[in-house]
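I would like the entire structure built from these sequences, with the hints used as guidance.
Here the protein sequences come in this chain order: D and G. When you number the first sequence by this note's numbering, it's gap-free, plus one each residue, and the end is 402. When you number the second sequence by this note's numbering, it's gap-free, plus one each residue, and the end is 402.
FYI, nobody ran anything at the bench for these hints, they're computed from the structure. All values derive from a computational prediction rather than experimental measurement. Be a bit skeptical, because a hint or two may be false.
The list treats identical chains as one, so a pair stands whether inside a single copy or across any two.
In silico DSS-like pairs for lysine-lysine, Cα to Cα no more than 25 Å straight-line [stated by the list, open to error]:
id	residue 1	residue 2
1	131	32
2	168	197
3	131	197
4	364	305
5	261	305
There are 2 protein chains.
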Amino acid sequence: MRVFIAGIDGYLGWPLAQYLTARGHEVAGIDKLLRRRWVEEVGSHSAIPVYAVYERLHAFRERFGTPLTFHEGDLLDYALLCDVLAAFQPDAVVHLAEMPSAPYSMIDQAHAAFTQHNNVIGSLNMLWAMKAVCPQAHLVKLGTMGEYGTPNVDIPEGFFEVEFRGRKDVLPFPRQANSFYHLTKVHDTHNTMFACKTWELRATDIMQGVVFGTQIDEMGDDPRLRSRLDFDQCFGTAINRFCCQAVIEHPLTLYGSGGQKRGFLPMRDSMQCLTLAIESPPEPGEYRVFNQFEECYTVEELALKAQVAAAAVGITVEIQHIDNPRTEQEAHYYNPDRSHLIALGYEPTHDVAAEMRIMINDLKAHRDRILARRDALIPDIRWDGTRRRSQVIGAVLTSVKS
Amino acid sequence: MRVFIAGIDGYLGWPLAQYLTARGHEVAGIDKLLRRRWVEEVGSHSAIPVYAVYERLHAFRERFGTPLTFHEGDLLDYALLCDVLAAFQPDAVVHLAEMPSAPYSMIDQAHAAFTQHNNVIGSLNMLWAMKAVCPQAHLVKLGTMGEYGTPNVDIPEGFFEVEFRGRKDVLPFPRQANSFYHLTKVHDTHNTMFACKTWELRATDIMQGVVFGTQIDEMGDDPRLRSRLDFDQCFGTAINRFCCQAVIEHPLTLYGSGGQKRGFLPMRDSMQCLTLAIESPPEPGEYRVFNQFEECYTVEELALKAQVAAAAVGITVEIQHIDNPRTEQEAHYYNPDRSHLIALGYEPTHDVAAEMRIMINDLKAHRDRILARRDALIPDIRWDGTRRRSQVIGAVLTSVKS
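Dropping the structure here:
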């Protein structure tokens, strides 16, 4: 199949280009390279070095024997987007080209407005462009499990049957996102649902859990083919940050009690799931939602797993509770479905500890890079709009003996 | 109270400034005057002449004995917005400053992107500005009944208790909007709900039905104080358009079967309801939703009422069905609640026919202006992204004998 990846330079886009190419798909993509700038803006860098685009493309051709068509540009440039889609005529478009950080979107008015404009209008342009030049193509759009928030009932996949005052309907499950970033994904969801209904576009909207990991097998050993791995307060997600903290023997830091429960999945599962979606497209006019995660854990459970994984490779780290910079529930019911991908053949990686050991081993080589930006590990962007560095608030758990 | 009106030059903003001032409130406002340009852009003009801002302000001072503080500007200009709110220190902010037309938002990619950017980022800026300079003020935000779409169950006011797989929660009622414009209001709803929860802002989100009417008593006879009345396919709403059609003896045109059921309310009820909301603010952190309409009617029922009202003032008009330029359900269940405003004392105007007679009499003086832009009465903006003028498709109903 011909697969177009928007956001092909990113944490998931770059490995996905390799994964799909290794499976025999033809890949092209677009990226404005903004993630590189955002991480720099918040005072950090990727733990794993990120090579210049021309070096990445050169290595790609060497490894896969085929060039990767790359466009430097933006979904906000509607004319460019139409041109590149018209030229490539994709069977599927994977849309990963959004600003993906909740804290970044909460910094101030300018960052909130940038995030909502960039994500919502970029995605809206993608809908119009697909309608205009490739209306049969399948849009695989990255949403987030964070769209649903933490309701006190089970979370279905996108829709649920409602009985209200004796009548029934199947309705979109209510969304209660908790940052201006997560809200952009809610807005995209509503726009995409409408475009499918009205224009007969076909879309899979992926409510993805938090991804972690440094590797997929297809990357091989070439450092130019590796993906980025961020650990700063904005772009570093929980497990990735824990593994970077472990490597520099920094305490693993939990926001508040660490009782926040979320769905997580390793990068290799994300690749597997996105590919299942791509290779089994919905019908024209169909808008379907996949909840995409391996399993749900509290952040504290994951820190304990990371502590054990670190011990297994000879690193002893404590776990600390720091005051939570976010306004969020720290203890709540959480039981989302994820049967749609299983039905398509998704085989979850259950050994999270093994994945963490791989990560810590990978990251040991980049210990100095993490140390050089260790300040970025502790949050100071607060949901109330102020900046104040989080302090240690809770008892340190007994560390595992190595 | 000190009430700041964003969109004070508009169809509702201008009469609201007068209504509130007459009740003893102190009013200031902002407007970029874009509605004047949009109506011109789609080839039309207001049936009732709209005076220049300086003339409006002069007449305002003459009638009410107090100047109206007016700022020409845009909610997209965040620094200006903060300045004017900080200077006025409002008790309430009524936010009417959005692009309000579904067809305008469906013209093409550029109009859809403009609409979503203007409305979503403008409203987002309002939230940040209020947080920054008047966090105790009450935001009265204009949403639309169109956010809910036409579900097959009753429509509550914003929230409903859900029982799902044996557990319960109170959740936002699902939104299924049917144009890129209506979707902006859904996006605003989610952003506003989050800001109230996270920042302790207080807001009333008004899910308003379709407003009609040319008068409120407070306007008196000064033509400079009259509000605009649009009849074009973008900015003319159903009853306003029917009354303009009646005045030029043009058939009243229904989109498709005319079985679309909606909530409607006269302008004087809209003023009454907005004022009830303003004068009974919610608690800090409270986000409440009011469904605001007098009664639900099918569009066909309203055309029949307009036909009778026209007959009563000596005008005979036919009713025609034209092909529906929108993708929408033309026969559906529709039963929304509207108890919150009734509980605050809202007394609905039940005599819709009397209101229509007032409108037709008012509009007779502007017959030539409507005739001059009669082409704008028939839609050609279609939900599939094309432009094609709607044709008569259905039997013409027997007209009422005058």
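Query raised in the report: When no copy is named, should residue 168 and residue 197 be tagged within, between, both, or neither for a Cα gap of at most 25 Å?
Result: within (20 Å within a copy, 30 Å between copies)
**Report entry** 25 Å Cα threshold - placement of residue 197 relative to residue 131
**Finding:** within (12 Å within a copy, 37 Å between copies)
Query - Homomeric proximity label, residue 261 with residue 305: Cα distance no greater than 25 Å - result: Within one copy only: 15 Å inside, 56 Å across.
Report task. Tell me, please, which holds for residue 131 and residue 32 at an alpha-carbon limit of 25 Å: within, between, both or neither? Result -> within (22 Å within a copy, 32 Å between copies)
Requested in this report: Check residue 364 against residue 305 for me: Cα-Cα at most 25 Å, and say if that holds within a copy, between copies, both or neither.
Outcome: within (18 Å within a copy, 77 Å between copies)
The structure meets every hint from the earlier list without exception.
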